[in-house]
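**Q** Okay, here's what each chain looks like letter by letter:
Number of protein chains: 2
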Amino acid sequence: MGELLKGKPVADAIALEVKKKAEELKAGSIKAKLMIVRVGEREDDLSYERAAVKRMESCGIEWEVTSLPRDISQDEFIKKLESVNNDKSVHGILLFRPLPAQIDENAVKHVISPEKDVDCFNPMNVAKIAEGDKTGFAPCTPTAAMELLKYYNIELKGKKAVVIGRSMVVGKPMAFLLLGENATVTICHSKTENLEQVASEADILIAAIGRPKMITDKFVKEGAVVIDVGINVDSQGNICGDADTDMCRDKAAFITPVPAGVGSVTTAVLAKHVLKGCLIANNLI
Amino acid sequence: MGELLKGKPVADAIALEVKKKAEELKAGSIKAKLMIVRVGEREDDLSYERAAVKRMESCGIEWEVTSLPRDISQDEFIKKLESVNNDKSVHGILLFRPLPAQIDENAVKHVISPEKDVDCFNPMNVAKIAEGDKTGFAPCTPTAAMELLKYYNIELKGKKAVVIGRSMVVGKPMAFLLLGENATVTICHSKTENLEQVASEADILIAAIGRPKMITDKFVKEGAVVIDVGINVDSQGNICGDADTDMCRDKAAFITPVPAGVGSVTTAVLAKHVLKGCLIANNLI
Chain Z
1 MGELLKGKPV ADAIALEVKK KAEELKAGSI KAKLMIVRVG EREDDLSYER AAVKRMESCG
61 IEWEVTSLPR DISQDEFIKK LESVNNDKSV HGILLFRPLP AQIDENAVKH VISPEKDVDC
121 FNPMNVAKIA EGDKTGFAPC TPTAAMELLK YYNIELKGKK AVVIGRSMVV GKPMAFLLLG
181 ENATVTICHS KTENLEQVAS EADILIAAIG RPKMITDKFV KEGAVVIDVG INVDSQGNIC
241 GDADTDMCRD KAAFITPVPA GVGSVTTAVL AKHVLKGCLI ANNLI
Chain A
1 MGELLKGKPV ADAIALEVKK KAEELKAGSI KAKLMIVRVG EREDDLSYER AAVKRMESCG
61 IEWEVTSLPR DISQDEFIKK LESVNNDKSV HGILLFRPLP AQIDENAVKH VISPEKDVDC
121 FNPMNVAKIA EGDKTGFAPC TPTAAMELLK YYNIELKGKK AVVIGRSMVV GKPMAFLLLG
181 ENATVTICHS KTENLEQVAS EADILIAAIG RPKMITDKFV KEGAVVIDVG INVDSQGNIC
241 GDADTDMCRD KAAFITPVPA GVGSVTTAVL AKHVLKGCLI ANNLI
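For the protein sequence lines, the chains are Z and A, in the order given. Take the first sequence: its position 140, counted from the start at 1, is 140 in the numbering used here, and no numbers get skipped. Take the second sequence: its position 283, counted from the start at 1, is 283 in the numbering used here, and no numbers get skipped.
With the rest of the complex left out, here is chain Z (with noise of 0.2 Å):
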């Protein structure tokens, strides 16, 4: 039966860094500091937010929440987050979406200070994951399902890679972070034909679609690394994966669990984007 690859490990591991590094900066009289804009209150977003503040807190980094009103024009919401931009003591802004229909997301995508974009919302952030290049920011999911990778050691040079979703928050970064480690990488979708045997050609098996459980055992070869970047409830009102965790242990040799897996180590690779803004913005980095 296939090991399970818990999140905690590796995000106490980023986290115990990041607390070193953001230590050695208050030496020198520099804090980093997120700010979270939220507009409105959902649940989604507030449950988020309980976690990366006490993530921050854990790592010594400063935050604050910038609340916003539901019905909040999009005028008003530029001029906030400029003022944020602005903002010399804020290294890294947390921006929950999507954001109400009100507000344009491509109106304001480009507001956002890309240094300060650490969760890849700016263009220019997109453009340097998909270019490769390492000064920008990629989400931070897909970000943590590499740092599992690596803090498990799974090789991933040369492997097949197959990532099911094409979203812009998981699927295609994920896509570019696995090519800039040099995996093969074949990226499925809604229309893809034969999907369960594409997947089962993978080494390693990116589950990024949203619907629970949806992957099997017949998506997976003998052997192979499943992560599950998913977070669905299922009929019973349990929090599940894209995976069927259970089913895919026979064949995996390695799968993330959900929860506990993937998830739990977001908080952590903000925390560490949030400290890079702060390097990039002090001229350290």
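There may be inaccurate statements among the hints.
Because identical chains share one entry, a pair is satisfied inside a single copy or across any pair of copies.
[Said to hold, decoys possible] As a list, the in silico DSS-like pairs of lysine-lysine whose alpha-carbon atoms are at most 27 Å apart: (1) Lys-191 / Lys-150; (2) Lys-251 / Lys-218; (3) Lys-251 / Lys-54; (4) Lys-157 / Lys-221; (5) Lys-191 / Lys-134; (6) Lys-134 / Lys-109; (7) Lys-157 / Lys-218; (8) Lys-218 / Lys-79; (9) Lys-221 / Lys-191.
In short, the hints are calculated from the structure, not lab data. These numbers were taken from a predicted model, which means no experiment stands behind them.
Following the hints, complete the assembly by docking chain A onto the known chain Z.
**A** Showing chain A alone in chain Z's frame:
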């Protein structure tokens, strides 16, 4: 024996359409115009320039060449580029690359107006094609390959496309464009293990490596479509592609020749992009 997919009929069809629309615009006193920006006198650049100028002439698109000295400073170069950006009569800018060593491409790529950036130099256009946003400009060469596939009615949806090569000029944008047409896309490169085997599973195989005749029949599935984007010179001094055309034809159902394949479609795509730039500038798109 596989059929040759020649570029000329594709280029002619695109050019005819562009010419018709350019004439319609002229009737309303709008003249689409390309500005070629060339630094130095590299033979490759001059040769492409001649072909591009000829194509613009035949499409009824205005053109001009800004020829700059080989030793121009970065500051001077940026000033020139800005003046072309600000020239309202110009709707498309073709900038030959690579630029000489004293000019940092990373410093100047942001300068070119995204709306005039007809060969995808600015990161804004890289991000747009990564996102599948069709308002952007993809580089002319992979776009030419896509036009060719479309002209010859090659089905892409759900099919396995394998791209060999991951440059920002061909390989990666090609992958994005194929993904946008719902192909299942695999990106291979120099570190890919079992490249022959991976390639020989492709329904559509894109060779964009830059190595003469590297792709032999062993890389090709029976009945596949081979798109050869390479332009190389073989040991006898003849122009050849990345594929050994004769060898591959034994198995491929269709293959693009080199010369007279993808390469002969690029200037028509350039003309189409200039027209698009003109439509954007006049709020007609």
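**Q** Find the hints from earlier in the document that the structure breaks and name them by number, from lowest to highest.
**A** 3, 8
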